[in-house]
Amino acid sequence: MTLVLEAAVLGILTGGVYALMASGLTLIFGVMRIINVGHGALVVLGAYLSFAASRALHIDPFVTLVITMPVMFLLGFGLQVVFIRPLKTDREALSVLVTYAIALGLEGILGYVFGANYVQLQAWYDTASFPIGDFRITYVYVFGFVLCLAILVVLFLILYRTTFGASIRATMLNRTAAQLIGIDVDRVSAVAFGIGMATAAAGGVVFGITTAFNPGSHYDLISRLLTIIVLGGLGSLRGAVIAALIMLVSEDITSVVISPVWASFVFFVILIVVLLVRPQGLYGVRVRERI
Amino acid sequence: MRTSLRGALLSVLAMVIAACGSTAPTAPAAPITIGVSVSQSGDFSGDGKALVQGYDLWAQDENAKGGLLGHKITMKYVDDTSSTQQVVSNYEGLITRDKVALVFGPFSSLLTIPASTVVARYGYAFPEPAGGGPHVFDRGLTNIFFVQPAAVEDNLVSYTKWLTGLSADQRPTSVAYATQDDPFTQPQVDKAKSLLEAAGIKTAYYRVYPAETTDFTPIALNVVHSQADAVILGTQLPDAVAFAKTFIQQHYNPKTLIETTGPDQGADFSNKLGTNTEGIMVPAGWTANAKAYGNDKFVSEFIAKYGGTAADISADAAEAYSVGQVVDEAATKANSIENAKLISSLHSGTYQTIQGPMAFDSSGKPQGGVGVYIEQWQNGAAIFVYPSSVAAAQPEYPKKPWS
Amino acid sequence: MSLLKIESLTKRFGGVGAVDDCSPEVASGSITGLIGPNGSGKTTVFNLVTGFIPKDSGSVSFKARTIDGLGPDRIYALGIGRTFQLARIFPRLTALENMLVPVRRKGLRALFSGAAWSHEKERAMEMLEFLDLSLVAKTLGGELSYGQRKLLELGAVMMAEPELVLLDEPAGGVNPALLERIGDRIRRLNARGITFLLVEHNMSFVMNLCSEVVVLHRGRPIASGRPAHVRSDPAVLDAYLGA
Amino acid sequence: MSLARSGDAWKVGGLIAVLAIALLLPAIAPDPATTNVAVFTVMYVGLATAWNIMGGYGFGSYTLGLLLARIGMAGGYAPFLIVPAAGLATAALALGIGWFALRTRAATFVIVTIAFMFMLQLLAENLVGLTGGGGGLSYPVPPWGGDYFNTPFYYAMLALALLSLAISWRIRRSKFGLGLLAIRDDEDKALAVGVPTRAFKLTAFVISAALVGMIGGVYGYYVTYIYPQFVIDPLIGISMVLMVFLGGLGTLTGPVLGAVILEPAQLYLAYNYGASRLYLVFYAAVFLIVILVLPRGIVPSVGRLISDRRARAGPSAPAAAKAVAP
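Residue numbers (this note's numbering), protein chains in the order written: chain X, 1332 to 1622; chain W, 3 to 405; chain R, 2 to 244; chain A, 68 to 393.
Among the hints, a few may not be true.
Claimed, not checked - Stretches of chain A that chain W covers, calculated by requiring three or more beta carbons in the stretch to come under 8 Å of a beta carbon on chain W: (1) 102 to 113; (2) 204 to 216; (3) 325 to 338.
Note that these hints are calculated values from the structure, not bench results.
Think of the CB as a built atom: it goes at the ideal place given N, C-alpha and C, for glycine as much as any other residue.
Model the full structure from these sequences, guided by the hints.
Right under this line is the structure:
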């Protein structure tokens, strides 16, 4: 029983990290209606940037975010302008291919620069823990969780308390209408892509401290992130957060109660059942344009 | 009718192959190319790099002493992107398009198995450093030679011997097992489990987890909860590190901890765990400190060529180097580099490598009871601790608390 | 005699009643106009009748048979066709192919045989001729002008020989000359026995064309009858001016 | 597009020429390294043509492998004869999955299919008693020598590719195919004009699954050993999508051209430049350029080019434009 409880706590703490990574992905979908298959690779890029920065400057991995988040923001902005914006026809399908190509390219470049060996971000607290009853909670998961929470709160504030956030939300609701009322949809898209990348950088740090990674790690990441945002409802931030928690908690509990080999199976069953009942996902808006 | 047609076809093929084979050695000094498919991208790219280092170093040594039976060697590497489809195409291409004289094996059983049937089709010998899963040997092929001291499933046998050899009061009473669902790790853990259960040591926990798992913590928590005296893990590097970290976080210190891969990878392992590597064990056929045939030379040359320290040398590189050593001795013995002759000579006799002496049975499994040893991290380096014939130090038991 | 009978139709979106206890009728052979201010629930009625969205309560019957719970394709098969706001046609199919998609065939073998049987093609070409579209028969739908698309959509929906056609803003966004043509074709089709129910904002178009008019306000019908009669109804004036 | 067009004599001639080359290839280029690439290329021609579902591929591999293991059939020609069984089994599976998954549409449908695929992969990995789990499943090894080995597989793959082409050609010219094209353009509108979209999509899904399953069976027999993570791999799906896009979506020749260009290119690049470690970057760059420069794919883009030139040359422009873009 305690084990189930521990697994649930662990699931919630690690779920926060996935929530953060998925929030960027779902934001990008919401604004641009494209699925960024390269998101996993960009998280890995964020982890490598933090790795390099913490090595070179001898600073704490979390502190590197001061550098990596702005850098990733600019990178995301640039990627959107150069690769996504030119797509005029078949945007949805072509953007999948373009972002997949970006992922492959990043994997290649990271492999060239950092090699294929697994690396992991180091910090004094990555093995330290404090006890709660019989169970010990690890600092790094708590720090990661708090960071994710903070960034998600900032994200929500930007979206719901600023004028720019309002134009992002307007674009998410209806691209054409947003254009009609004078919103520069292209600029909003690029900024949203940048914000998505900045959150990927933050997610990358926590991912990089808790997991050994190499340039190929993005394949596993992206398949998990995609299922999260589909379960939550494409384009819904709230959905992404809830779905990430559902995924990690269900997997961790299955893992300790039944067996690790069935952990993702159980999650996929949840996913399919939810989609059959609500094809738009937990918090998604049913998109049926023009009827 | 049909069979006779096929028979005729096969005999024609055999002649063609023989003809191809005989062209190479007619001119004794003709340079040759040895082809290898290695993973330079994808899941196995880290190991692929180590194989290249080992093969290159061997080729350099051979050429320095005049070549393989006088043939100067060029290595040709092609990337299999860690995919079975590409590895099949690659060996097909190496043998028929590039007409390489010899081929060496790729990384992992996963790729070795599909590759081995292609190589067998052309009558080439297939000495390979990293494909030791049970299915490699059960397909009826006679050209495979697995150049490691024991078939993979026997990797943990000496560890179980050591455990069962401990005095009754010291012996662990329970063991927790967890392993990746992988043809390399699972067979060894399963064999260790059956041996230890037969010796009366109870199993506190046993789990197989998918190879794609990225979050190992729940499984590690289960191991922690079992509070077993001994922990046996079928891991690669990332999970080897993740399990150890969770144990440290949860202040769980088993009396002994062994992981199938990870602790043997030198600095790649220790720079993630710091001083907490102390006491962790790994089955190893090779160590930089071993006094096996040519090992000192290998280690010093390796450091000269690639930098780093002895602890940084991956066992993969040593295994690749051994492949070359075995082929060199077999060629000398057969006085030929024809594949057919190499194959028949490799099926008899004992070969000296930096991993120790080894012989091969008809399916290519390593023979001779040489076995895999146990390595343990002590004072910041992994050293042989068992059996005593090769040990550089006593095994530390029970292992010290985490720092 | 009423061809389409709607009883107490209700649909709420997130607590807001889009269609509320709505019971208009469409007489056989009529051209009935469904009008009302923006947001009065006209298009929602269309979507409910044609099975695109599920209703909360109420029932719809066609030729005295209920069509509740049927999907859009089944309802179309029974003889109720519809067009969309903003003219939806298949942009990557030619005009002729657009005409052929709705054609119905019986049996599995027929489904897997040729895309256009010659008599089907003939009928499609006749209809294109009728709409003055025969010159663009081989042009992709996406390359047609907006007016041509509106005509094409109207023609395509006729190909399955429906008895009732629901037109969603047939006059929306169309220039006066084309408006004339569309009105004329609707009238001629009506003369061939096809009943129309249309949603429209262009009042003069409705008043000229329709034999019956139903006025919706906040999801409820507030008036119905002949155009001249409805036009002078004070409740209607209130709804339009006071809304 | 899908309507019959006569008078394209050069087209028919070209088709016959290509077919002749395809049939005679093992005689023209008997070198096994070439025929090996040809086997995989023709395989992808079939896959890209039948593209729609990804999981069916690996399922077909497993079906055939398990059948062979259960029957205890030795390697040789006989296993080819039970390849259709792999197709049937895959079709049956697709019927089940499709019936569920097609309650959703578009992006959600793709994700549900992928989720089912991951579940299949997990089943293949976890039902160790049946499939051998992560250790893989062994096929009987055909007794043929290197010089001849690829030929039967080449013809088997070619037969399946031609079957896929024939079926998709037939469908495109049918009433059913017109309905599918309508669904692709605008699903709600198709529903509104009476196309039973779900039944149509399910039928298409099952047909392509049967083809893909058969190809998967032959693939497994060819490489003689399969693993869950390689044969039930989302990347196989991505390759197919890329081939279809490169060649031209919604055209008959597009997927063929895409596969014929891309598969040899990828095998060649990894073989020759893989060692440079920059091969992935190079591949990604080519990939991006193709998409950004030829977003419609080669066949439609070239078609447009030709029609533009004809438009300048003569007055029959609109007809010509339609004739070239298939």
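Going down the list of hints, with the structure as the test:
1. Chain W is given as covering the region 102 to 113 of chain A, and this holds because 3 residues of the stretch bring a CB closer than 8 Å to a CB of that chain, at least three being needed.
2. Under a criterion of three residues with beta carbons nearer than 8 Å to beta carbons of chain W, the stated coverage of the region 204 to 216 of chain A is upheld, 9 such residues being counted.
3. For a cut-off of 8 Å, the count of residues in the region 325 to 338 of chain A with a CB near a CB of chain W stands at 3, and the three-residue condition holds.
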